[in-house]
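*Asks:* Put chains B, C and D on the given structure of chain A with help from the hints.
Number of protein chains: 4
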Amino acid sequence: MSQIQSITLKHLSLPTHTFVPSKFKIPLNRNFSLTPRFTFSSSLSVKCYHPNLVQPKPFPPLPQRPPFAELPQQRVYVGYSVYTKKGMLTVIPRPPEFESKSSGAFKVSKEGYVVLQFAPSVGADEPIYDWNHKQTFSLSVSEMGTLIILGARDSWEFSHETVKLKSSKIDVRKVLKVEPLLDATGHLFSLRVLKKPANMEGIQKSIFLPVTRADLEVLRSLFNYIMPYLLGWNAFGNSIKPEVYSQVNSTNPRYGADNEWNR
Amino acid sequence: MSQIQSITLKHLSLPTHTFVPSKFKIPLNRNFSLTPRFTFSSSLSVKCYHPNLVQPKPFPPLPQRPPFAELPQQRVYVGYSVYTKKGMLTVIPRPPEFESKSSGAFKVSKEGYVVLQFAPSVGADEPIYDWNHKQTFSLSVSEMGTLIILGARDSWEFSHETVKLKSSKIDVRKVLKVEPLLDATGHLFSLRVLKKPANMEGIQKSIFLPVTRADLEVLRSLFNYIMPYLLGWNAFGNSIKPEVYSQVNSTNPRYGADNEWNR
Amino acid sequence: MSQIQSITLKHLSLPTHTFVPSKFKIPLNRNFSLTPRFTFSSSLSVKCYHPNLVQPKPFPPLPQRPPFAELPQQRVYVGYSVYTKKGMLTVIPRPPEFESKSSGAFKVSKEGYVVLQFAPSVGADEPIYDWNHKQTFSLSVSEMGTLIILGARDSWEFSHETVKLKSSKIDVRKVLKVEPLLDATGHLFSLRVLKKPANMEGIQKSIFLPVTRADLEVLRSLFNYIMPYLLGWNAFGNSIKPEVYSQVNSTNPRYGADNEWNR
Amino acid sequence: MSQIQSITLKHLSLPTHTFVPSKFKIPLNRNFSLTPRFTFSSSLSVKCYHPNLVQPKPFPPLPQRPPFAELPQQRVYVGYSVYTKKGMLTVIPRPPEFESKSSGAFKVSKEGYVVLQFAPSVGADEPIYDWNHKQTFSLSVSEMGTLIILGARDSWEFSHETVKLKSSKIDVRKVLKVEPLLDATGHLFSLRVLKKPANMEGIQKSIFLPVTRADLEVLRSLFNYIMPYLLGWNAFGNSIKPEVYSQVNSTNPRYGADNEWNR
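Protein chains in written order, with the working numbering: chain A, 15 to 277; chain B, 15 to 277; chain C, 15 to 277; chain D, 15 to 277.
A portion of the hints provided could be inaccurate.
No copy labels: a pair is met if it fits in one copy or bridges any two.
Straight-line distance between alpha carbons at most 16 Å, and here's what the computed EDC-like set of lysine to aspartate or glutamate pairs gives [to be verified]: (1) K255 with E113; (2) K99 with D139; (3) K115 with E257; (4) K191 with E171; (5) K100 with D139.
These aren't lab readings, by the way, just hints derived from the structure by calculation.
With the rest of the complex left out, here is chain A:
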């Protein structure tokens, strides 16, 4: 199969983990910077990206760290990527953690979240995503709620301050700003990361990339889908089976004591 391609995605580093499908192509309208509407009679300017070997690479200092919630028991790596000339944004869900009680029941011990991975483009004419300079920002469930309700003209700023291992003594400050694009076609995501070792000047890195309204809507839909999973509610929901919750009231009169319209 052949493919008309006018933009080919290249990568500066050889990735070790393949996330973006090697044959993934994006139709014209996914690229915010191209004219979104044109008449059919005119010459079509469709440009399809063909990201040869688009493979996100984890941080070089931690090559053994899995980029996509890699766990021994986990078997599926998923995400959603937004490709722009400025850079590439990939959203990856991370599962919650559970702990078992002495009764044999489980409870959520840590909520899941999503990781936003930002890779800048260093290409002049074509997007070339540089995974060696990837930056990440994690969103909690509540922060996902903020993105979901973000109106077309709303802005928001998420701020995280973290400290890595004590031995490293590096302050890491991250600010993710989401602002409407001037042409109202979506929002600009700008991530600034300041790493400041003790008693040293900090190094600030920034990355900006536009996200179209359509892709933001996909993120909303994915967030709505995954939030109950990140909180373990799917495990609760799956436990609702007629044969399990049948005739409980009679055998366990204490159950439902806080149902205020059935006492």
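*Replies:* Using the frame of chain A, we list chains B, C and D on its own:
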């Protein structure tokens, strides 16, 4: 791993059931009362809660009552918590109940619901959640619908009047009021509980806490997710399998008799 | 457990199928006609319905017809009921049907739908639902879409014309009208059914009942949930498993030939 | 069972794959061009389609190509069809593809999508759908996001340029335009396909059909449902089980290293 913490959540009572993960930390923007937006160049005022052993305790008079729909067959405790300086709100789903018919089929005998648990903060500078003075309010599916459609400027009042066991003869009246915050950042949840023993003065307790628009959106998403489960529709949905509903029409001509465009 | 009850639902007929839980009580705010907001200090006027033996009865002429999609293979009866002084509305999903192909695969042979059951109230002071005069109206998936997008001030009219078995030669015409309530608290559902035997005058029966905005929102949520099931998309979705759809492209080059950005 | 039918769908070709149920009938209000509201007392003009043997036929040149993501492992064919006098639109989901890693884990290697199938009507008085002149247009997940956010007065144009196998050397250009209908009852979908063999004049085919607001809402609901599946997120979600993600932190300290509020 170390953690910068400026606010540590403490609890007045030793809880017996752990719900909030022991290592749960909240980023700055989950706290409604902090400035939501600040510039990156200024000194970051990020404050991370570190709720050491944040463990909701059930009502003292009923220590044996399970706080999270604890049933012999149930294995997963889930919820969603909103942490504020005023107090903490945890939303917990309760499963429906089914009963079996002589035909072997099941039907819903009692709808599920969600319980809102309010714990006040008794801390001066830092939130210290007092689970000994927890108050609860249950929402039916229809009441969840009310919260889902609540607009940014809408208010609503839910009222429940219940009577406990005849032996106790205590009237319990609860009113949950949800009103827009003055700064339009969300809604104020105020719960008033009046317990009135027969022939005695009633005792009224109140608890107020603000819920940001983002957290209200998370609740909306969770309610949308869980409502079909609370009504048993997931059990119905799961029963829709091609091998089960194949060629039914020919073998059971009565089926579908109320399909008005296929008679 | 005791219960303050000021309104007790009674039924004119002894039902044979139990759908509404026998201990189901409705809090005040589910009743559209009561004052939705009152101050806590005033005397609470909470009225809880206690529908003793609220059991929908199928049409008398067809006692053997199952009221809730009763099939030999089906095991779970679900629905959602709205209780008003004027009457009671119960929404019940009906599954799709599949047929198997010679290849062993299945396809949807008939879409599922939902049935709206209207039972009038014949009580003077209290709602007494008369299932002997129940009327039904079925909504297709597309009609469910119409209800989902219905704005607070929108009206819509659904019309079905059906003919029963040729032997009966009875024209049945049904019109369901959904209009905003004057007080803007929801919509009025009015169902008119005209049964006209051949060469005879028709008999028209009508039933009106108000549905609050909250309950309409619950219906929207349920419709959004169940529509993919009614179309069999859940069966398709459940078939998406990594081990099934892995490396298909290489072994079956024909697959995906209509993926227009991957040729 | 008999059925009053005033419009019968006929087909010019004998289809080999049955998608539309053979007994599918559409109530009046699914047809955009009929008067949506009329009074009950007036003569009802309900017209029910009875598409006898409505069976989409694949492209004649590729009779062996399966029309509905037919794979050896796949067992369920689903879709959603909109029937109009101008033509018929069927939306069919296509699954993603996965590839296994050496670790035994899976990752998405190709995103799923939906196919829009347009069949024109060649009937004068009644719709007769001509599957020999079917046209298709595929929507990526991001393009589905565009349709989801499309406002009642918004227009959008999707453009795809593809080249088939090198041997055929045929340029295929497709433009799908979605515009509000003049009477504001929905959107007009117009698909133009230009096939241009090398060094030859191109042949352009067009098909137009209106989609009511209700059916567009059904598509939105289906897209919201299926998008996580098309991206494999359901496989990730299904892997979230308490017994799998229990106490992971202690055994695998690397996990969750990018959770910025828990370091």
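*Asks:* Tell me the numbers of any earlier hints that the structure contravenes, in ascending order.
*Replies:* none
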